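Q: Take a look at the letters that make up each chain.
2 protein chains.
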Amino acid sequence: MIRKASDCKKEYRETMRGGNGTVEITNFASPEELNNKGRLFANITLKPGCSIGYHVHEKDSELFYLMKGNALYNDNGVEVSVSAGDVMLCPAGTGHAIANNGEEDAELCAVIVYA
Amino acid sequence: MIRKASDCKKEYRETMRGGNGTVEITNFASPEELNNKGRLFANITLKPGCSIGYHVHEKDSELFYLMKGNALYNDNGVEVSVSAGDVMLCPAGTGHAIANNGEEDAELCAVIVYA
Chain A
1 MIRKASDCKK EYRETMRGGN GTVEITNFAS PEELNNKGRL FANITLKPGC SIGYHVHEKD
61 SELFYLMKGN ALYNDNGVEV SVSAGDVMLC PAGTGHAIAN NGEEDAELCA VIVYA
Chain B
1 MIRKASDCKK EYRETMRGGN GTVEITNFAS PEELNNKGRL FANITLKPGC SIGYHVHEKD
61 SELFYLMKGN ALYNDNGVEV SVSAGDVMLC PAGTGHAIAN NGEEDAELCA VIVYA
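Chains as they are written, first to last, in the working numbering: chain A, 1 to 115; chain B, 1 to 115.
Hints may be right or wrong, so weigh each one.
Intra- or inter-copy, both count: the list cannot distinguish identical chains.
[As the list claims (entries may be wrong)] With a straight-line Cα cutoff of 25 Å, these simulated PhoX-like cross-link-like pairs (lysine-lysine) come out:
#1 K59 to K47
#2 K47 to K9
#3 K47 to K10
Everything labelled a hint here was simulated from the structure, so no lab data went into it. On a predicted model such as this, the values are computed, not experimentally measured, just so you know.
The whole structure should be built from the sequences, with the hints applied where relevant.
A: And the structure:
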């Protein structure tokens with residue numbers, strides 16, 4: 001089944017998890033299409049200055065692949081600079097945050113799988 | 001946990017599933033890091049003229065997000081042109097193939113979750 005880019009469901013989240021600005025989420029698939037093994041497969045776009053605030057994943061793990069741009073990633077309390085091509089893993093029971101501190105959009109491909 | 005781009009495990013598959021040329025797979029995470037809910041989260045790069053041949057997913061579902069380029073996707077027997085931003089879903093019990101028929105690299109973000 002093909003889902004054209006224009007048919008993907010978009011969400012705009014303001015001050016997401018206490019972060020700054022607007023986060024654009026383009027959902028590629030529903031939890032059912034992920035066989036209920038996870039709940040997210042999406043593009044997350046952060047414009048410069050925008051961020052997702054720190055939060056802990058209690059019952060699932062989130063994986064990010066940074067497709068474009070640069071960001072400051074909070075890896076369970078430790079801040080690390082990441083750039084396009086890097087992968088960030090947030091296993092269940094740990095926390096993370098991400099901020100676009102660059103001058104171009106930061107685009108993540110994100111997956112959430114249940115613990 | 002951060003996995004720098006240069007630390008991701010790369011595989012080069014020749015004539016993958018009976019397709020043409022070489023397919024480059026950059027693995028972002030292990031099945032364990034996917035909580036054994038799936039077995040792949042990866043970048044799949046097809047150079048022009050390269051393809052993955054037709055195969056059926058029996059016990060898992062594969063989802064592709066086309067990050068860059070253009071391709072011809074065989075959606076369970078029906079060929080469809082896809083371009084950057086499009087999403088392709090291959091639920092368990094169905095088949096697919098993908099060929100880069102464009103002039104630039106085609107880059108997919110791929111996820112496989114168990115049925």
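Q: Which of the listed hints are not met by the structure?
A: 1
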